[in-house]
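J.: Letter by letter, the chains look like this.
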Amino acid sequence: DVKVTQSSRYLVKRTGEKVFLECVQDMDHENMFWYRQDPGLGLRLIYFSYDVKMKEKGDIPEGYSVSREKKERFSLILESASTNQTSMYLCASSLTRTGALYGYTFGSGTRLTVV
Amino acid sequence: EDKVVQSPLSLVVHEGDTVTLNCSYEVTNFRSLLWYKQEKKAPTFLFMLTSSGIEKKSGRLSSILDKKELFSILNITATQTGDSAIYLCAVEPNYGQNFVFGPGTRLSVLP
Chain A
37 DVKVTQSSRY LVKRTGEKVF LECVQDMDHE NMFWYRQDPG LGLRLIYFSY DVKMKEKGDI
97 PEGYSVSREK KERFSLILES ASTNQTSMYL CASSLTRTGA LYGYTFGSGT RLTVV
Chain B
-16 EDKVVQSPLS LVVHEGDTVT LNCSYEVTNF RSLLWYKQEK KAPTFLFMLT SSGIEKKSGR
44 LSSILDKKEL FSILNITATQ TGDSAIYLCA VEPNYGQNFV FGPGTRLSVL P
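Chains as they are written, first to last, in the numbering used here: chain A, 37 to 151; chain B, -16 to 94.
Next up, chain A with everything else stripped away, as it sits in the complex (with noise of 0.2 Å):
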């Protein structure tokens, strides 16, 4: 019964490597996000995608890009990874354009460490 998917639950990585971070859906959903998730500051957005090929930036973009080649896929790339960018990383769809009405679906999320 799954139906969001991340690549990897635990990753580490050393500082200036580039890091995918892969999500996979199967509900037919045009609409991926890309969260990151810190101790009090909640889930923030950082990449969204309305459709195959279309990207648009979140709340915090800086030091990420995306790719969404297939509809059902959409890959969070750290180019050069910093200690900054450890975190929880969090892949969700929904079946709306923001998640309105129906809310999202999560992934059981990537936990990250760069060192």
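One thing to keep in mind: the hints can contain errors.
[As the list claims (entries may be wrong)] Below, a list of computed lysine to aspartate or glutamate pairs in the DMTMM-like style, where the Cα atoms sit at most 25 Å apart:
#1 20(B) / 74(A)
#2 20(B) / 58(A)
#3 40(B) / 0(B)
#4 93(A) / 9(B)
#5 91(A) / 74(A)
#6 54(A) / 95(A)
#7 39(B) / 22(B)
#8 -14(B) / 95(A)
#9 23(B) / 74(A)
#10 39(A) / 66(B)
#11 89(A) / 64(A)
#12 93(A) / -16(B)
#13 20(B) / 64(A)
#14 24(B) / 58(A)
#15 91(A) / -15(B)
#16 20(B) / 62(A)
#17 39(A) / 22(B)
#18 93(A) / -15(B)
#19 20(B) / 9(B)
#20 23(B) / 66(B)
#21 24(B) / 108(A)
#22 24(B) / 66(A)
#23 106(A) / 87(A)
#24 -14(B) / 98(A)
#25 54(A) / 115(A)
#26 24(B) / 74(A)
#27 91(A) / -16(B)
#28 23(B) / 62(A)
#29 20(B) / 95(A)
#30 50(B) / -15(B)
#31 49(A) / 98(A)
#32 93(A) / 53(A)
#33 -14(B) / 74(A)
#34 23(B) / 58(A)
#35 24(B) / 95(A)
#36 91(A) / 64(A)
What the hints contain is simulated information worked out from the structure, not anything from laboratory work.
Using the hints, position chain B against chain A.
T.: Showing chain B alone in chain A's frame:
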């Protein structure tokens, strides 16, 4: 700037206690409010609230919205250790805008 605040940030109770979690907001043009439960995995949807004064209920959990005073509460009665989680509140601040999340309340229920 749109803002969602949750209180308390952390709460420890014993099984059988009743808890009330708070979510207040300041947004441009409120559309809806969501509650999620996050254990050691994906946040799961609990409630969506759009109208004041109408209680949503699911088992021991219930929630209500007050659009005049700009807040929502999530009540959990007869708590169990399985209720231990982070409870997230999110508000849709305006039509066509993405939800704004609060920091979450970490609830720990001790046996």
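J.: Taking the hints in turn, state whether each one holds.
T.: Going down the list of hints, with the structure as the test:
Pair hint residue 20(B) plus residue 74(A) holds up; C-alpha atoms about 16 Å apart against a cutoff of 25 Å. For the proposed pair residue 20(B) and residue 58(A), the alpha carbon gap of about 23 Å is at most 25 Å, so the pair holds. A hinted pair counts as satisfied when its Cα atoms are at most 25 Å apart, and residue 40(B) with residue 0(B) qualifies at roughly 18 Å. Taken as a hint, the residue 93(A) and residue 9(B) pair is honoured in the structure, with Cα atoms around 22 Å apart against an allowance of 25 Å.
As the CA atoms of residue 91(A) and residue 74(A) are separated by approximately 23 Å, the hinted pair is consistent with the 25 Å bound. The suggested pairing of residue 54(A) with residue 95(A) holds, with an alpha-carbon distance near 21 Å, which does not exceed 25 Å. At roughly 21 Å between alpha-carbon atoms, residue 39(B) and residue 22(B) fall within 25 Å of each other, so this suggested pair holds. Pair hint residue -14(B) plus residue 95(A) holds up; C-alpha atoms about 13 Å apart against a cutoff of 25 Å.
For the given pair, residue 23(B) sits about 14 Å from residue 74(A) by alpha-carbon distance, which is consistent with the 25 Å threshold. Our distance criterion of 25 Å between C-alpha atoms is met by residue 39(A) and residue 66(B), whose separation comes to about 23 Å. Distance check on the hinted pair: residue 89(A) and residue 64(A) sit about 15 Å apart at the alpha-carbon level, within 25 Å; holds. Proximity of residue 93(A) to residue -16(B) is assessed by CA-CA distance (about 17 Å); at most 25 Å being required, the pair is judged to hold.
Taking the CA atoms of residue 20(B) and residue 64(A), the gap is near 24 Å; set against the 25 Å cutoff, the hint holds. At roughly 16 Å between alpha-carbon atoms, residue 24(B) and residue 58(A) fall within 25 Å of each other, so this suggested pair holds. Between the alpha carbons of residue 91(A) and residue -15(B) the distance comes to roughly 22 Å, so the proposed pair stays at or under 25 Å and holds. At roughly 22 Å between alpha-carbon atoms, residue 20(B) and residue 62(A) fall within 25 Å of each other, so this suggested pair holds.
With a C-alpha separation of about 17 Å, the suggested pairing of residue 39(A) with residue 22(B) holds against the 25 Å cut-off. Note on residue 93(A) and residue -15(B): the hinted pairing holds, with a Cα-Cα distance of about 17 Å set against a maximum of 25 Å. Of the supplied pair hints, the one linking residue 20(B) and residue 9(B) holds, its CA atoms being roughly 22 Å apart against a limit of 25 Å. Annotation: proposed proximity of residue 23(B) to residue 66(B) holds, straight-line Cα distance about 12 Å (limit 25 Å).
Taking the CA atoms of residue 24(B) and residue 108(A), the gap is near 20 Å; set against the 25 Å cutoff, the hint holds. This hinted pair checks out: residue 24(B) and residue 66(A) have alpha carbons roughly 23 Å apart, not beyond 25 Å. Taken as a hint, the residue 106(A) and residue 87(A) pair is honoured in the structure, with Cα atoms around 9 Å apart against an allowance of 25 Å. For the suggested pair residue -14(B) and residue 98(A), the alpha carbons sit about 21 Å apart, so the restraint of at most 25 Å is met.
Between residue 54(A) and residue 115(A) the alpha-carbon distance is near 5 Å, which keeps this suggested pair within the 25 Å criterion. The straight-line distance between the Cα atoms of residue 24(B) and residue 74(A) is roughly 15 Å, inside the 25 Å bound, and the hint therefore holds. Our distance criterion of 25 Å between C-alpha atoms is met by residue 91(A) and residue -16(B), whose separation comes to about 23 Å. Straight-line distance between C-alpha atoms of residue 23(B) and residue 62(A) comes to about 22 Å, which keeps the hinted pair within the 25 Å bound.
A distance of roughly 23 Å separates the Cα atoms of residue 20(B) and residue 95(A); the hinted pair therefore holds under the 25 Å criterion. Our distance criterion of 25 Å between C-alpha atoms is met by residue 50(B) and residue -15(B), whose separation comes to about 15 Å. A distance of roughly 18 Å separates the Cα atoms of residue 49(A) and residue 98(A); the hinted pair therefore holds under the 25 Å criterion. With a C-alpha separation of about 22 Å, the suggested pair residue 93(A) and residue 53(A) falls inside the 25 Å cut-off, and the hint holds.
A hinted pair counts as satisfied when its Cα atoms are at most 25 Å apart, and residue -14(B) with residue 74(A) qualifies at roughly 16 Å. Using a Cα cut-off of 25 Å, the hinted pair residue 23(B) and residue 58(A) holds, with the two alpha carbons roughly 19 Å apart. At most 25 Å may separate the alpha-carbon atoms for a hinted pair to count; residue 24(B) and residue 95(A) meet this at roughly 24 Å. Note on residue 91(A) and residue 64(A): the hinted pairing holds, with a Cα-Cα distance of about 17 Å set against a maximum of 25 Å.
Consistency with the previously given hints is maintained throughout, with no hint failing.
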